[in-house]
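Chains as they are written, first to last, in the numbering used here: chain Z, 1 to 396; chain Y, 1001 to 1385.
Read the hints as simulated data drawn from the structure, not as lab findings. For every residue, glycine included, the Cβ atom is placed at its ideal position computed from N, Cα and C. Wrong hints could be hidden among the right ones.
With a straight-line cut-off of 20 Å between C-alpha atoms, the simulated SDA-like cross-links for lysine to any residue are [unchecked claim]:
id, chain 1, residue 1, chain 2, residue 2
1, Z, K68, Y, T1167
2, Y, K1009, Y, K1247
3, Z, K241, Y, N1098
4, Y, K1097, Z, F379
5, Y, K1162, Z, P238
6, Z, K68, Y, V1046
7, Z, K68, Y, Y1092
8, Y, K1097, Z, Y264
9, Y, K1097, Y, G1079
10, Y, K1014, Y, E1236
11, Z, K231, Z, E87
12, Z, K241, Y, T1167
13, Y, K1097, Z, R294
14, Y, K1212, Y, Y1092
15, Z, K115, Y, E1285
16, Z, K115, Y, S1165
17, Z, K256, Y, V1118
18, Y, K1014, Z, A291
19, Y, K1009, Y, E1285
20, Y, K1014, Z, A71
21, Y, K1247, Z, R210
22, Y, K1097, Z, G69
23, Z, K241, Y, Q1161
24, Y, K1014, Z, S116
25, Z, K241, Y, T1082
26, Y, K1196, Z, N75
27, Z, K68, Y, E1236
28, Z, K256, Y, N1098
29, Y, K1162, Y, R1131
30, Z, K68, Y, K1247
Covered stretches of chain Y, as calculated for chain Z (at least 3 residues, CB under 8 Å) [said to hold, decoys possible]:
id, segment
31, 1061–1068
32, 1071–1077
33, 1311–1325
34, 1355–1367
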Amino acid sequence: MGRMLTQIIAVTMMNLRSIPGRIWTSASTVVAVAMVTMVLLAFLAMANGFRSTVQGTGAADVAVVQRKGSAGELNSILTREQVSLLEEAPGIARSADGKALISPELYVVVDGIKKSSRTKANLPLRGLGALAGQVRRGVKISSGRMFRSGTNELVVGRAVSRQFEGFELGRKIRLGTQTWNVVGEFEAGGSVFESEIWADVAVLQGLYQRGSTVQTLRARLVSPESVTQLKAFSDGDPRLKLDVQAENAFYAEQGKGMSDVILYLGWPLAIAMSFGALAGALNTMYASVDARMREIATLRAIGFGGTPTFIGTMTESLLLSVIGGVIGALGVYVFFDGISAATLGSNFTQVVFSLKLTPGLVLQGVILALVIGVAGGVFPAWRAARVPLLAAFKEQ
Amino acid sequence: MTLIDFVAKNLFRKRLRTILTVVAIFIAFAIFGVLATFQNALNAGVDTASADRLMVTNKINFTLPMPIAYVQRTRSVEGVETVSFANWFGGYYQEPKNFLVAFAVDPQTYLDIYPEYVLPAAQRQAFLGDRASMVAGKVVADTFGWKVGDRIPLKSNIWRQKNGSDTWDFTLAGIVTGETARIDTNFVIFHYEYLKETRNCCGDTFGWMIVKTKSPKVNDSVIKTIDSQFANSPFETETRTEQAFNKAFIEQAGDLGFIIVAVVGAAFATILLIVGNTMMLTVRERTNEIAVLKTLGFTSRRIFGLVVGESLLLAVIGGAFGVATAWLLSFALQNATGGNFGPMTFTPGIAVWSFILMGLLGLLTGLIPALRAMRINVVSALGGK
């Protein structure tokens, strides 16, 4: 056993030391594997960033109430009467003076100019009810102040001012016929809310000819379990019959769509490219074996077994592919991790998110690289293990 | 033996290596072809836009409405030939996942303004004559197996009927095909009047106007006139060419063009290395032979040609298979996506580009090895033996 081990180490070292002699061929395998890993990880980081932004949105103890079958806040509508009925609903938390902690909201789409492409894109302008501050707890004004009700002031999410033009603090911005003052910027834990613009709901109702209707209602619940109570109340009243969902569940559903599309693109592309890289790896390893034919045969002649030669070649192939995989992962980490991107979310408005590489994703990339290394090494290694002794005397 | 025979014979001496290299090239060209098809689908709206068509939307955002009076006022603008208008329906068939691109439109003018939507005369007559009828694009009709004459209920996630129902019943009066394969037929249209009279809100307002101008030359003045006549009203407008509107619409999804170029770039950079290396190995192994050829009187130029010819042949064999595969995959992609990203068409342009790239790949990968082969010194190559 010990002798076998020494042989394996000896042959492996010979393999590795001979790499500089074939530096360009070996480098091409490394680069090919690095490219594959990079493409895969860039897509995975994109899908992951989008999903974690959307799915990290919303609290368990806030309910979202919409009209049934609305498929998103944009299409929902609630009447003044329905809002009044909901104020009396069980399960909703109340303020010290007994007011129900609800925020009737409007959700309209306005145009913003994307900094990256200088084209127009849909931004959500949300009208908040007077008590919204107590309903939405995870939000913090990071600079400036909150808008005053009844005025044309607005606050913008951090991501909006990062990705879109003209939303800096203190700026005046024209949305349609109205000029708004940007008086504050808010943070909301990296969630979708940071891609929104907020103003007073009553002001929006007037500007957008909505009368006394709103689109959705957010309600702070006594506890996360109270959502069933509120749901039962809504189902029991024929005037309501609305969709009641916990806010976190509402967003969890939306995270899938776009991130699935990204994954469906990323994996097939990476796998297709892997076959290209595999072809390259095989060529490199066959070349490596061919170049050392005489050497290997000589080793066999002096009593080395087939197994050490096999393992030596396999190790060389795995090493090259792992180096490629690590370079690819580093490349994504350096060039893509954390960069901000924006796409259309399920509400037909922009969701700003950051590409997010995790150790789990890097592992997937390195595993793909290893698979290429194994597949690219096994056949050449097999050939190496069966080099005929006669090859030692053959002219090269 | 001709020169080409010679090149081909050389190519298949190391059969396994050649096959592997061809596979790498094949993959890169298949990726290129598929992504170009995908980009074709996304850009169909931009590429097939008509130069004399303008889109008029609410200035705040195209999801917000405009009053019907705007149609008449726009028709009287100097330089305008036809005006049509449409309204988003938020439609789906049976279940929300069967999402439809459904518009309530002014039927006559809509069909006039989009001559690329081909509808048989009898079906057109039937559609215009029946207010509760609709016309579906071929992609949609195929997806759901609809036949002309079928009764089809469509649901809306936006509108409600006066009786509270979210379902409208239609008769399928016709099926629209595209004038060319690149025309997107993933839509359903029906009469705006029917929606207006049955919905429970919103009066006589609609989503956007499509304006056909007398000539693209008057576009600028028409755009100015339309937007300025509605300025300072509660519904200001923004008029853009159809092409600009469609381009902005796609770019909402993000910089897809960049992603596609980056992936194709990565794939080609990879094979460039792989193929370049194979050619280097090949030349190195054949040093002696090349020296022999030289002693036989082959000029350096001819040697250069032999090596580049070999790399070109490699690129063309792998590339042609890749292009053919991408062409076949384009049909599968069309079926798999149901036209949701636009019509997946493998245009001749993609094939032409592929062959240009094959040429470049062959030249680039052959260049350095060929120069090396040219410079092989006969004496030192053969003398060492």
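Consistency of the hints with the structure:
no., hint, result
1, Z:K68 / Y:T1167, "holds, 13 Å"
2, Y:K1009 / Y:K1247, "violated, 50 Å"
3, Z:K241 / Y:N1098, "violated, 24 Å"
4, Y:K1097 / Z:F379, "violated, 47 Å"
5, Y:K1162 / Z:P238, "holds, 17 Å"
6, Z:K68 / Y:V1046, "violated, 36 Å"
7, Z:K68 / Y:Y1092, "holds, 15 Å"
8, Y:K1097 / Z:Y264, "holds, 18 Å"
9, Y:K1097 / Y:G1079, "violated, 42 Å"
10, Y:K1014 / Y:E1236, "violated, 71 Å"
11, Z:K231 / Z:E87, "holds, 14 Å"
12, Z:K241 / Y:T1167, "holds, 17 Å"
13, Y:K1097 / Z:R294, "violated, 64 Å"
14, Y:K1212 / Y:Y1092, "violated, 30 Å"
15, Z:K115 / Y:E1285, "violated, 54 Å"
16, Z:K115 / Y:S1165, "violated, 43 Å"
17, Z:K256 / Y:V1118, "violated, 37 Å"
18, Y:K1014 / Z:A291, "holds, 14 Å"
19, Y:K1009 / Y:E1285, "holds, 15 Å"
20, Y:K1014 / Z:A71, "violated, 60 Å"
21, Y:K1247 / Z:R210, "violated, 31 Å"
22, Y:K1097 / Z:G69, "holds, 12 Å"
23, Z:K241 / Y:Q1161, "holds, 17 Å"
24, Y:K1014 / Z:S116, "violated, 49 Å"
25, Z:K241 / Y:T1082, "violated, 45 Å"
26, Y:K1196 / Z:N75, "holds, 17 Å"
27, Z:K68 / Y:E1236, "violated, 32 Å"
28, Z:K256 / Y:N1098, "holds, 17 Å"
29, Y:K1162 / Y:R1131, "holds, 17 Å"
30, Z:K68 / Y:K1247, "violated, 33 Å"
31, 1061–1068, "holds (count 3)"
32, 1071–1077, "violated (count 0)"
33, 1311–1325, "violated (count 0)"
34, 1355–1367, "violated (count 0)"
Hint violations for this structure: numbers 2, 3, 4, 6, 9, 10, 13, 14, 15, 16, 17, 20, 21, 24, 25, 27, 30, 32, 33, 34, all remaining hints satisfied.
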